[in-house]
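**Student:** Sequence:
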Amino acid sequence: MFLSGIRDAAGQSRAPSMAGRSTVYVPHGAVATSQPLATAAGLAVLEKGGNAIDAAVTAAIVLNVVEPMMTGIGGDLFALFWSAKESRLVGLNASGRSGALLTRKALVDRGHTRMPGSGAESVTVPGALSGWAELLERYGTISLAEAMAPAIDLAENGFPLTPVIARDWEETGEVLLADQGGRATYTSDGSFPKTGDWLTNKDLAASFRLIARLGPGVFYGGSLGETIADRVRELGGFLTVDDFRQHRAEWVTPISVPFKGHRLYELPPNGQGIAALEMLRILEPYDLAGMGHNTRDYLHHLIEAKKLAFADLERFVGDPAYMRTPAEHLLSDGFIAERRLHLNATRAVARPEPGPALTASETIYLTAADKDGNMVSLINSLAGGFGSGVVVPGTGIALQNRGAGFTMTEGLPNTVGPKKRPFHTIIPAFVTKGAGTEERPWMSYGVMGGSMQPQGHVQVLLNLLVFGMDLQEALDAARFRHLAGNRVALEAPIADLVKRQLGEMGHEVVDLPPGSAGGGQAIVRLQRGYAAASDPRKDGMAAGH
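Taking this note's numbering, the leading residue of the sequence shown gets 423, the next gets one more, and so forth.
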């Protein structure tokens, strides 16, 4: 007897992806990450009897070693987790706050008119470690020390560098050259490693061993945290050891919208996931299938919906403690109807105004699933490539520049201030199928890459639910990335005719450079087993058992 898997809109099984990869189908569990060694480490955990959380955290820590410009203990983390035992989706916000000493006045007094994009002034408290530990403590079956062991081994004994990561290292590594620790840890006399070079990070291995032995407290207020805070202050930053000591990861309730018998879930602010939900709601009544995939009209509607959603992000979204307009209002029927009125079906609008208020960056994404039906969607990031560029000497730890996500414009939820969570670009996604008591997990997925992420979430989901693509095909398909104003970048496979037609509508069309379309991973729950896929734009892979 055959049970249905992923099928297209006509109910027929799809052929393998045109990009040369096939969707991975497995009976028990799956892991998809942006680097093969991380996938292998997560898969090994599953094969030893660990669950999806164990595998995801292990893979995330390995990525700190093998993809260090994108992610690590010096950054932040968000996760969505379908708990099979509880039959519910839970969310974790493990993002850090700004230092107690950071004020808008302090920056103005130093001559800043906009937020520093790198250096010690841009560093906020790193939340990733608290996220790893919290996920394992609440839902895992292995210890933090066990989850760190594969990363420690790779950092100590080494690994060969993969091609896309080598390219990213070269393109983002300049920020390291201004920092003593950055040059010593991630360059060789100022030059960057190449594909196939054998790399180690013994300082990071030592830091991980210390945490594995003493626990997260050594980072959050203990000797390692003191070392980091002191170095940041020495370089002109605003963190204190008390900022580390007071940090906590926070369990949150995901937010969602329905779409074609499914429901897309994102985490609530301080992240930009709400933009993907708003885009989907704006687009819902349009005949997207009738327009055709990646045609002029289809891309135009998606681009304009993105502009509307991002105008609302800038005006309304930040640390939820400072938001006067709640997230629910931005997804309400009345608000969405008003926004939809501003979508001009024939002409590009450069800078739409935000909707009516309620009166009264660089990243890794991974996903894992296990034999019991647990599924985790996890994202971990340093913000920019190598974050702030600050690497604390002797620790191997690169610190994020997430403070660059604040604005110096006064009076907004995201206006810079002390002990405040900045606006975040990193967002995991999750999709369920059915409603009410029939709601069940369907897909854990994400697309990394700064402002590309909500745009990528929507494009991949529409590829599946509107155009009936195979899972790998949905990740492979050419993407657009709206940049600013009327500038929009398109991947080369999109037809030149479509580019000319969009130009006639007022869009300023440019080619999307390699690495700028983000990189996605996805796992779909089948009636039995899983389907998994990994974006060919990255070095990663999906695997299972």
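Among the hints, erroneous ones may be present.
[Claimed, not checked] Restricting the straight-line Cα-Cα distance to at most 25 angstroms, the calculated cross-link-like pairs of lysine-lysine (BS3-like) are:
| # | residue 1 | residue 2 |
| --- | --- | --- |
| 1 | K855 | K527 |
| 2 | K507 | K855 |
| 3 | K682 | K855 |
| 4 | K841 | K793 |
| 5 | K507 | K793 |
| 6 | K507 | K470 |
[To be verified] Here are the computed distance ranges between Cβ atoms for each label pair:
| # | residue 1 | residue 2 | range |
| --- | --- | --- | --- |
| 7 | P815 | H534 | 40 to 48 angstroms |
| 8 | D619 | S565 | 18 to 26 angstroms |
| 9 | R762 | G907 | 42 to 50 angstroms |
| 10 | A466 | R746 | 44 to 52 angstroms |
| 11 | E861 | H534 | 42 to 50 angstroms |
| 12 | R670 | S754 | 24 to 32 angstroms |
Because the hints were derived from the structure by calculation, they are not lab data.
A quick note: this is a predicted structure, and the numbers were derived from the prediction, not measured.
Heads up, the beta-carbon is just placed ideally off N, CA and C, and yes, glycines get one too.
**Student:** What hints, given by number in increasing order, does this structure fail?
**Tutor:** 1, 4, 7, 8, 9
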